[in-house]
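The listed protein sequences correspond, in order, to chains A and B. Under my numbering, the first residue of the first sequence carries the number 15, and numbering increases by one thereafter. Under my numbering, the first residue of the second sequence carries the number -11, and numbering increases by one thereafter.
These aren't lab readings, by the way, just hints derived from the structure by calculation. Where hints are given, some of them may not hold.
Stated by the list, open to error - Straight-line distance between alpha carbons at most 27 Å, and here's what the computed DSSO-like set of lysine-lysine pairs gives:
#	chain 1	residue 1	chain 2	residue 2
1	B	K69	B	K172
2	A	K223	B	K40
3	A	K161	B	K103
4	B	K103	B	K69
5	B	K103	A	K223
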Amino acid sequence: MMNKKWIAASLCAVTLGAAVLSGCAGGGEASGEQVVVYNWGEYIDPEVLELFTEETGIEVVYEEFETNEIMYPRVASGAVSYDVICPSDYMIERMIQEDMLAELNYDNIPNISNMDETYMAQAEAFDPGNKYCVPYCWGTVGILYNKTMVSEPIDSWDVLWDEQYADNILMQDSVRDAFAVALKRLGYSLNSTDEAELEEAKNLLIEQKPLVQAYVIDQVRDMMIGNEAAIGVIYSGEAIYTQRENPDLEYVIPKEGSNVWIDGWVIPKNAENKENAEAFINFLCDPEIALMNFDYITYSTPNAAARELIEDEDIRNSTIAFPTAEMLEGCEFFKYLGPDVDEIYNSKWKEVKSE
Amino acid sequence: MSKKWFAAPYLLWSVGFIIIPLLMIFFYGLTDRSGAFTLENVVAILSPEHSKALVLSLLLSLASTVICLLLAYPLAMILNKHHLGRGSFIVFLFILPMWMNFLLRTLAWQTLLEKTGVINSVLSALHLPALDIINTPYAIVLGMVYNFLPFMVLPIYNVLVKIDENVINAARDLGANGVQTFFKIILPLSIPGVVSGITMVFVPAMTTFVISTLLGGSKILLIGNVIEQEFTQGNNWNLGSGLSLVLMVFILVSMAFVMKYDREGEGGMF
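Required output: the full structure, derived from the provided sequences and hints.
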């Protein structure tokens, strides 16, 4: 987790420095048209950015973040005014609640018609009326396992508590994801705010701890490819990539349900180039561009037209990238629970970690 | 008058990057989210999960300090005995790793110690039992010792070099044997270096969070990890600062320790 986080953080620092400098220097230039993009690390095909500049003449200032929690204070403080950002569902909900986002002008985003209606409807869970957000990628959280290292078919979170896989389990090292696993196994909502339920989930995580090899975030991918562990909790978008590298790996959404998430583009209120930002979002909704991006990052696209264009039939019909409605039964979006509940989660997570 | 002005950049630097941040930590540590005064963030160290992390940090950093001392002292003696000057190749070898990024060196240990890592591949090729210490406190102590050993070797070496040969010869002339010379002459004279080495290892080991995350698989929570997570994941800067204030007490104590035994600053690194 740390390595990528640090690399990302230092890259952020460097790019930010560069952005500030170029912002100062470029202020007086003739063309001047630019868009300041703030996105997750490794979450876009760099060629897409070049094509965008080629086509529209708008220069892209591109910055990356590692987690929603790192992104939020930078945007909230207003130190850098970003034009377009890509947070996750619950963070978008929080930013809407705190009146940080500008309403989108869909006249400037005609390509929205390429989007699958289902996902637009799903996005209404955190953005009623689709006023602020255009979905970019979506996916689930599930179990990635190595077929040669497990004895039975896996379909339940229970396997993460199975003693025969002691020291062969990789858990997510982030509060909400870890608690989601335990809460779902207990049959509760992953947005639970009930102290008793959270206490139960905490005890379950403590019970699991001796079996866990390590708590990691991005490293799950490389460790699973390298046969370091038999079972890992991972985002569905990484599953296709890991299978390409190691065909023994298989991904499953546990039957108890899991977390389903959407990352979407939003425009903050203090954006200086709102129209350029909308042009950027529109460009990403172009089927050809969305396809290019999908091939590169392998995270599921909510763009129906782009999905039609996928040449590899196995991937187009992959239930990992595009799970069916039944598979998503019992899956929930994270909700923003407010600072007080966040604190309860954090302190219980600390109890787990200090055991 | 003109000379004073040369100190101005330094003054600006220390005010901007040392004093103001310190004051901010005090401010955050002694207030709650609404900005009202409270001691809660400091007292929070007594809660079971925090005190457990603190005690574990103390134990692991003590262990690595002792191991560093046991490894470094004989080494510094050898370097000194063979009159290997500062410019010698051997001394250079000990300083060389410090030129490389600390994070990178710790990541290398991760690759070495992993279940299917370099060391275990070699061991299994030789049909030897696997080394299973990654994600345990042993791996963390190993990482601390590896990273901080030069900080123990150099101060001790620097005081040993300065011991006058004649003092040792005099002890021999008066009939002291090797062991007596060591305990009566060399050891007491090298105390400043030992003390400064101990703090230079103990303080960073006590506050580290990178080593425990990388080599402990985030399973072992040290006090540094608790503070780091309050700032990044928990978004509770007040609690993070409050706990940092507690940690500062330990650092001040060890600084006082150095002041007492190394008044002339002999046991410096360079």
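Quick rundown of the hints versus the structure:
1. K69(B) - K172(B): Cα-Cα ~18 Å, so holds.
2. K223(A) - K40(B): Satisfied, since the Cα-Cα distance of roughly 16 Å is no more than 27 Å.
3. K161(A) - K103(B): holds, 18 Å
4. K103(B) - K69(B): violated, 41 Å
5. K103(B) - K223(A): holds, 18 Å
Of the numbered hints listed earlier, the single one contradicted by the structure is hint 4.
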